[in-house]
Each structure stands twice: as C-alpha cells, then as structure tokens.
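K.L.:
Listed below, chain by chain, are the residues.
Protein chains: 2
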Amino acid sequence: MVRISLDVMGGDFGPDVVIPGAARALERHPDIRFVLFGDEALCQPLLDKYPKLKAASTFHASEIAIAMDEKPSQALRRGRGKSSMWQAIDAINTGEADVVVSAGNTGALMAMSVFCLRTMTGIQRPAIAGIWPTLKGESIVLDVGATIGADAQQLMDFALMGGAMARALFEIERPTLGLLNVGVEEVKGQEEVKEAGRLLRETGIDSIDYFGFVEGDDIGRGTVDVVVTEGFAGNIALKTAEGTARQIAEYLKAAMSRTLMAKIGYIFAKGAFDRLREKMDPRKVNGGVFLGLNGIVIKSHGGTDAEGFAAAIDVGYDMVRNGLKAKIENDLQRYHAMLPANAAANGAVGEV
Amino acid sequence: MVRISLDVMGGDFGPDVVIPGAARALERHPDIRFVLFGDEALCQPLLDKYPKLKAASTFHASEIAIAMDEKPSQALRRGRGKSSMWQAIDAINTGEADVVVSAGNTGALMAMSVFCLRTMTGIQRPAIAGIWPTLKGESIVLDVGATIGADAQQLMDFALMGGAMARALFEIERPTLGLLNVGVEEVKGQEEVKEAGRLLRETGIDSIDYFGFVEGDDIGRGTVDVVVTEGFAGNIALKTAEGTARQIAEYLKAAMSRTLMAKIGYIFAKGAFDRLREKMDPRKVNGGVFLGLNGIVIKSHGGTDAEGFAAAIDVGYDMVRNGLKAKIENDLQRYHAMLPANAAANGAVGEV
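Chains as they are written, first to last, in this note's numbering: chain U, 1 to 352; chain Z, 1 to 352.
None of these hints come from the bench; they were simulated from the model. Treat the hints with care, as some may be off.
Which copy is meant is left open, so a pair is good if it fits within one copy or across any two.
Stated by the list, open to error - In silico DMTMM-like pairs for lysine to aspartate or glutamate, Cα to Cα no more than 25 Å straight-line:
hint	residue 1	residue 2
1	Lys-71	Glu-195
2	Lys-71	Glu-307
3	Lys-71	Glu-215
4	Lys-52	Asp-16
5	Lys-270	Glu-250
6	Lys-253	Glu-215
7	Lys-71	Asp-217
8	Lys-136	Asp-318
9	Lys-49	Asp-151
10	Lys-54	Asp-12
11	Lys-253	Glu-191
Please model the entire structure based on the sequences and the hints provided.
P.N.:
Encoded structure:
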C-alpha cells in the first residue's frame, strides 16, 4: 500500500482535475490509498462520481485554498495549518501519508514544504528535480528552481540526491551523472561547479558514475542519467527547452497547413504525427520532485489535465515503492562518513 | 564600402569553408572589401578559383593557425602577433578593417579580442550576443558565454549594447528588452538581476523599451527584441535550445520513416518539411557578435559550411552598415551622463 496525500485545491482547475486524475492513477495502481484535503462543498459532489476513488480515500475538509498567484510569504502566513496545501504536506508529519502531490503554485508549495517538513539532516537547501525526455529515454535534471546560486557542497548534495532518485525511478544501479557547465574553458566564475567536480571525482561515491561536465545540448541528447546544476540556470534551461518545443510545434503546424500537398501529406502521416505529439507530450513527464526534505513532495504543473495529474501521482507512487527517501538517506550517510572532517568529528564525539 | 577582415584558418575546415563563404557574401554585397589572413600555400590555390573574391581582397600571409581545441591562454602566448586570428583582429586597430569574422575557437577568439582591442570606455566586461529565431522573427540574446556571473552594472551595460545592436540589426527605433529571470518570486539570490531591473526602470533610457523580467520560454516566443542575462545561464539556454531542436528533428525523422503511410505522407508534404528545415536551419542565424570591445568581432560556428560562414559575414556587414559601434558609444555616453555620480564627477573634474 502506498499512501498519497493530495492538495485537491491546487492547480488552475483544482478538484476538477485532481479528483479525476486521482481516479485514473488508482486504476493503474489499485494499492494506492489517498488522503484528500480540500473544500468539502466542492469536492464531495465530484468524489461521488468516482465511487472507487471515494472508497480508497479519506477526505479532510480544509478552510483555505492557496491561490496560484499568491506570494510564498503570504501563502505561509494565511495558509499555515488551515490550507489544503499545508495540511496535505503535514500528512507526512502526522504519518498519514508517504508522499504528497500538489499542482499548487511552486513558490508557496516549496516554502510550505520547507517550513513543514524541514530539510534532511546534512542537507542545507532543497532542490527540485525534473524528469526530462531525451533521445535515449529520460534523465533527471536538478535543481530546476529551488536553490538559486548553489555552492559546491550543495551541488554535491544535489548529485547524491539525484543519483538516489535515478536509482529509484529508472531502477539502474549506478546512474551516470554530469555537472552542467559552459563549454568555454578557463572562464572566470562558476568556481563552485569546478569545485563540485573535484569533490565528485575525489570522493568516488560508488552509487554514482561521475561523467564530468556536460553542456546544455547534452541534456536532450541523454548523455547522462542525472544532470546537476544550480536553480537559476536549471530553471532557465527547463523553460527554454519547453519554449523551443512549443516553437517548433508551431512551425510544424504552420508548415503542414500551408499547401494542399502538405495537407494531403499530413493526412497520410497522421499516425506518425500522433506518435510525435505523444512523444512531446508534456503531460507524460509531469511531476517535479522536491528533494532534500523530510518527506517527498511532488509538484504537478498547475495547468495540467487529469492525465497529467495522474502522471504526477505515478511519479510519487514510484518514488515510495522504490524507497527513494531511504536511498537518499543512505547515500548521504555514506558520503558524510567518507569526509575526512566528519570522520575526525565522528572519532572524537561520535556524532556528525 | 565595408572592409571585413577574415581569419581564414579559423573553424573546423579553415580556408575550404571561409573562402567559398566569402565569395558568396561578396555576391550579395559587392561593396565588401576583404582583408584575408591565412597560410599562403593553402589559401592561394583556393583564391584562384574565385577571381571576383580575389580582386576584392588583400591577402596577408600568417605563420600560425590557432587550433580549435587550443586553450585561450596558450593561443594568446603562441599566436600573439603571428596567428591569422590575431592579425585579423588587429586589422581593426591598424585601420585596415571595420569588422572581423572568425570561425575559430570561441575562447581563444574572445581572449585575443579583449587583449588586442580592449574593452570600450565605460565597459568592464564584454558580452557575446546571439541572434535567436523566434515565433515573431528574431531576437538578440546576450550574454551567451563571455561573462559568467555578471553583476547589475554589467547587465545594465549588456542592455545598452543589446539595445543598440537591435536598432542596428532590426532597424527598429526603440527595441523592447527583458531581463532573463526565474518565475518563482521571492527567491533568494540573483540580487543582481533585480538590481539591474531597478536600474533599467529608474534611468528610463529612451533607446530601450524596458519590458521587465522574462522567463526561458519567452525567448522562443519572441516576447521581447532583446533578452539580457549573464553568460552562464545564457550559454546554457542557447545550448539547451539547440539540443531540443535537434532532439525534435530526430523524433520527427524517426516518426516519418516508421510506417509506409508516414513515408507516403512525407513525400506529399516534402515541400512543407523543406520549409520547416529551412526555418530551423542554424546556418541562417550563424554569427555571435562580441560586444563591448573597441571593434566588432563576429564569431561564426566552427563547424559551419560556406553558406553559414557567409551568413556570419552578412551579420558583420549589417553591423558596420548600420553603425553599430557608434550607436553603442552614443547610448553608453548618454547613459553615463545620466548617472548622478558621473554627473557630479563631470562637474568637478570634467571627466568620467
């Protein structure tokens, strides 16, 4: 059994997407038990339409719904304790849920998650890991927006957490990992990336196969299973890739409707275009994972539909099933034990 | 007449691409006069094949060719004064050329350009401006790799230079300009982006229409004419977009050759696919512009072909024709005159 708490009010469409999405995920994974938080008057009529989901869920009424444009600090002040977002996260603390999924606004969700769950021992700052479709399959890219300007130690932590997530998600033993960098050698700045590279090489963690530096075009190529970067560049890479995909889709649409010949060609090749569209479907890889907290939080796109939200639930389900949290804790512990400073501290006071 | 110096030995193919490329550009712009620097034994036989180009060119023999994988510091030590790259840049100092075009390695070209031309008065660090195809046409994105971790004042300089370049390249009077940022509000870090935004708003430069912050997906959308960012994020955005475009092209190719129906469709729609390919053709927008130096340097992709190199020459030609350097100097002067600190300094000692 996997217990998943849902912020039913989160996202552009709230219960209208979350409840049908949960019903779809339940079809695929009948061992899910949901803990739902939301506005009772809005949610109950919808839940009645999905009796199987209703039977597999516990519903808790929440007074407040966090708005999609609410500032994180305001959301925290207003929604602490009372909002569906907070309560869904807090279900991890109370032991009611193993993972939480929300399509609510990213800033508020991150602020509440940090406040409510706290960062893991040994982790200074959280990261958001995205699942990126590549020519070889999928890769994990982190951080895509939580920690702007991460230092070398934080990048190292991201590497450990991303490696653990790759093992949980892709079920590979020793994922390859690269540090995102620019190609020009001997440039000034980004000392933290070079330093993180040195740490990764020298500590020789056996749960990661460190590849070296990678560049922006290596992400889509699938050069490595895990790409590590700080949150500013990572967020810009993610959004730029999304924008480029949308741009090319527009070009393609325009090209295919321009002439009669092109239109005829489109009809013949429709199956192929459908496959392409499916391949590029952002709903299929919906679900950013917040890493580094005492609990796993899955962030769904706010504008997604039921299928997309179900995909985010799938990610949460897989993370629990494959023991992501234990994997991260284990890797961090082994890494910290490896550090000379901590080893000495361990010897002296028996504690890290 | 526009005088363009060429590093004939630069790029993966050197003279084999540079000389035919120059010949093509000359067809389009018969008022170009070329100053060529390269290995005489390699270049002269090729030049003999293009009599029109030969007649419009002055050839200078260079002893050294900079390798594509040479480190900038080594290239400077070995190639200073003697290499085709150095000599082509130096032709701006000697007054022989108005602009230089090289397909040589970016790091070496930037290092030599800074060393040989020096930064403009009032500019601390150079930027590389890329021309980015968008849904609305083209935008300028800078910096795409010269200045890692630019501070607020440097971002402000980039904005002025990018604005001037947009006026020169797109021939619009008051280009719109955005600062690249991440969407999450109230995040820590990137204070320099916020500070640059404040400077842009408060100084109210009339040569730029400041839009505000933009995100990664706004670049391809063409939300603004000029996107300003520091070099690390800019380089990663550029490479990620290139990677995504290549990735989708691969998907499309695979989809179109999978079934007989798709193949038939492809034949009918071939014209449309050709248009799409042309639209996505990286050669068409080949030519990064080094800004902030006492002279304009155009960097062509190293692996480009003759058409691509000709496109880079076209960019250089347009920049000279439309007075880019004077536009930048003028904008910088007006901006610096606007700053209260400098106004006081001007009053006191008559000099900035």
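K.L.:
All hints are to be evaluated individually against the structure, with a verdict given for each.
P.N.:
Against the structure, the hints come out as follows:
no., hint, verdict
1, Lys-71 to Glu-195, "between (34 Å within a copy, 20 Å between copies)"
2, Lys-71 to Glu-307, "neither (28 Å within a copy, 50 Å between copies)"
3, Lys-71 to Glu-215, "between (33 Å within a copy, 18 Å between copies)"
4, Lys-52 to Asp-16, "within (17 Å within a copy, 69 Å between copies)"
5, Lys-270 to Glu-250, "both (16 Å within a copy, 17 Å between copies)"
6, Lys-253 to Glu-215, "between (30 Å within a copy, 24 Å between copies)"
7, Lys-71 to Asp-217, "between (33 Å within a copy, 22 Å between copies)"
8, Lys-136 to Asp-318, "within (20 Å within a copy, 41 Å between copies)"
9, Lys-49 to Asp-151, "neither (49 Å within a copy, 56 Å between copies)"
10, Lys-54 to Asp-12, "within (22 Å within a copy, 64 Å between copies)"
11, Lys-253 to Glu-191, "neither (43 Å within a copy, 40 Å between copies)"
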